[in-house]
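From first to last, the protein sequence lines are chains A and B.
For the record, in the first sequence the residue sitting at position 103 is 102 according to numbering that gives the first Met the number 0, with numbers rising by one throughout.
For the record, in the second sequence the residue sitting at position 133 is 132 according to numbering that gives the first Met the number 0, with numbers rising by one throughout.
It is worth saying that the hints were derived from the structure and are not from the lab.
Among these hints, one or two may not hold up.
Said to hold, decoys possible - Under the rule of at most 27 Å between Cα atoms (straight-line distance), these lysine-lysine pairs were calculated in the BS3-like manner:
# : chain 1 : residue 1 : chain 2 : residue 2
1 : A       : Lys145    : B       : Lys183
2 : A       : Lys153    : B       : Lys174
3 : B       : Lys229    : A       : Lys207
4 : B       : Lys229    : A       : Lys136
5 : A       : Lys145    : B       : Lys207
6 : B       : Lys229    : A       : Lys153
7 : A       : Lys163    : B       : Lys170
8 : B       : Lys207    : B       : Lys136
9 : B       : Lys174    : A       : Lys229
What the hints assert, rightly or not - Over the 12 Å line for every Cβ pair with chain B, so calculated as not near, a few chain A residues:
#  : residue
10 : Thr5
11 : Gly16
12 : Lys29
13 : His46
14 : Asp61
15 : Lys67
16 : Arg68
17 : Thr177
18 : Pro188
19 : Asn194
20 : Leu208
To be verified - Derived DEER-like restraints, expressed as beta-carbon distance ranges:
#  : chain 1 : residue 1 : chain 2 : residue 2 : range
21 : A       : Asn14     : B       : Thr220    : 51 to 59 Å
22 : B       : Glu151    : A       : Gly152    : 26 to 34 Å
23 : B       : Phe143    : A       : Ile222    : 49 to 57 Å
Note that the structure is predicted; figures quoted are calculated from it, not measured.
Yeah, the Cβ is synthetic: ideal placement off N, Cα and C, and Gly gets one too.
Each chain, letter by letter, is given below.
Number of protein chains: 2
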Amino acid sequence: MASRQTILIIEDEKNIGNYIETIVISNQYKALRAKNGMEGLSLCTSHHPDLILLDLGLPDVDGMDVLKRIRSFSHVPVIIISARTQEREKVEALDQGADDYITKPFGSEELLARIRTAMRHSVQLSNLMTQEQKYSKAGLEIDFDKRLVTLEGKEIHLTQIEYKLVSLLAKNAGKVLTYDFILKEIWGPFADTDNQILRVNMANIRRKLEKNPAEPFYIFTEIGVGYRMKE
Amino acid sequence: MASRQTILIIEDEKNIGNYIETIVISNQYKALRAKNGMEGLSLCTSHHPDLILLDLGLPDVDGMDVLKRIRSFSHVPVIIISARTQEREKVEALDQGADDYITKPFGSEELLARIRTAMRHSVQLSNLMTQEQKYSKAGLEIDFDKRLVTLEGKEIHLTQIEYKLVSLLAKNAGKVLTYDFILKEIWGPFADTDNQILRVNMANIRRKLEKNPAEPFYIFTEIGVGYRMKE
DNA sequence: AAAAAACTTGACGATTTTTTCACGGCCTTG
DNA sequence: CAAGGCCGTGAAAAAATCGTCAAGTTTTTT
Numbered sequence: 000m001a002s003r004q005t006i007l008i009i010e011d012e013k014n015i016g017n018y019i020e021t022i023v024i025s026n027q028y029k030a031l032r033a034k035n036g037m038e039g040l041s042l043c044t045s046h047h048p049d050l051i052l053l054d055l056g057l058p059d060v061d062g063m064d065v066l067k068r069i070r071s072f073s074h075v076p077v078i079i080i081s082a083r084t085q086e087r088e089k090v091e092a093l094d095q096g097a098d099d100y101i102t103k104p105f106g107s108e109e110l111l112a113r114i115r116t117a118m119r120h121s122v123q124l125s126n127l128m129t130q131e132q133k134y135s136k137a138g139l140e141i142d143f144d145k146r147l148v149t150l151e152g153k154e155i156h157l158t159q160i161e162y163k164l165v166s167l168l169a170k171n172a173g174k175v176l177t178y179d180f181i182l183k184e185i186w187g188p189f190a191d192t193d194n195q196i197l198r199v200n201m202a203n204i205r206r207k208l209e210k211n212p213a214e215p216f217y218i219f220t221e222i223g224v225g226y227r228m229k230e
Numbered sequence: 000m001a002s003r004q005t006i007l008i009i010e011d012e013k014n015i016g017n018y019i020e021t022i023v024i025s026n027q028y029k030a031l032r033a034k035n036g037m038e039g040l041s042l043c044t045s046h047h048p049d050l051i052l053l054d055l056g057l058p059d060v061d062g063m064d065v066l067k068r069i070r071s072f073s074h075v076p077v078i079i080i081s082a083r084t085q086e087r088e089k090v091e092a093l094d095q096g097a098d099d100y101i102t103k104p105f106g107s108e109e110l111l112a113r114i115r116t117a118m119r120h121s122v123q124l125s126n127l128m129t130q131e132q133k134y135s136k137a138g139l140e141i142d143f144d145k146r147l148v149t150l151e152g153k154e155i156h157l158t159q160i161e162y163k164l165v166s167l168l169a170k171n172a173g174k175v176l177t178y179d180f181i182l183k184e185i186w187g188p189f190a191d192t193d194n195q196i197l198r199v200n201m202a203n204i205r206r207k208l209e210k211n212p213a214e215p216f217y218i219f220t221e222i223g224v225g226y227r228m229k230e
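Based on the sequences and whatever the hints tell you, model everything.
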């Protein structure tokens, strides 16, 4: 299923960093470590973490600056971790776009609960943000958002595997996808399937989509290589 | 800017309530007061506040129950205010859908900053949601505001879960919602439910809504994937 | 405290989907 | 032109999924 979510920990003190990393990892998240602000920023841009834990007391740049810079290009949820309990700091951080502010010392469970809360917010957002994407070509339309395939306006029923296949091809329209690639993509990397099963599924799909399955219009066979969908 | 935003304060101790109300009002919010859980719930349903400040230590109902009941029908941001610093409480409240947890004593500025943060989240959400007030299709009408379902004008009684299911589907009419998504949405992210329970509920719903449950008109099954409601 | 309603769980047949198997056509190659 | 590889197709076998009923448990109402 979906791969584990990544959390970027920006923290200069090794002990605390390790402590947090342990908590995070033992709860099925992937952890990324940065020991200063610059490193944190670059890891953020390169790895696109799902959440950031940011210590305000960093050696190089001010933690608040890091927050501002992150917010200038990303909406990733940020939880501030700080030893400072001064109200002014909290207010400033929250108003700069931090999603939460937690003061040391804190318990592991509380940290995890606040991580879950922040993730929840961001999932709700991203669920709604995803603008609809479609494949559309000469009467055939695939609405990936609705998981709906229509041909000349008429709804076409595809089974799970058929739909996965068509979407995979449509999302790579114009490109040849090799048998191996497709098999791994649909049946997973460990399945021991040969491409006989692919042939059967393609035949079924063509029967549903193509006017004349013998002379395909949408999905072409590249003999010995794979399949390609019309761009 | 539209009219001022309303904050519902559910707090039994008069002094603290007054303190909070003062803070809130002096910052251009409208304040609503409830001195116990039941009153809070009814004010919540009648006034649709933009945010709720909920004290956990209430005299009548358990504050956690109030939170659960609110979450059963609304996504309004809830900030828990509590004297109890026990981690278990915080974790439970956050996992029940609270958006933040702040411990007494707290400064006015921090409270306000956390209110702004919670509002920010909810504004982002509601901007995107642009929710329809009603679903209406061929005799079936769902009034989300009134929580009322009518078929050919006749009122249909749906249980809590049934209603949540139908409105979730209706709000995403046309889209296929996967079993996992639905389960997480209705039973929460931690429930260990398989979709057997979904099947039963769908059968019950169809018995109430569909003329011929064997050939559904409103709610379709996408085998292996999920359900979809007629757009 | 009893009764009713709502919710959950397990089992089973019917249907759909997925996989496997067998065969025939087409193209390339020797 | 015969052989061999590759692909499409039809049909049958195997597996998975779905709707439904019935029984058990919990919650809410009376």
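Exercise for review: Provide an ascending list of the numbers of those earlier hints which the structure does not satisfy.
Suggested key: The structure conflicts with no hint, since it agrees with every one listed earlier.
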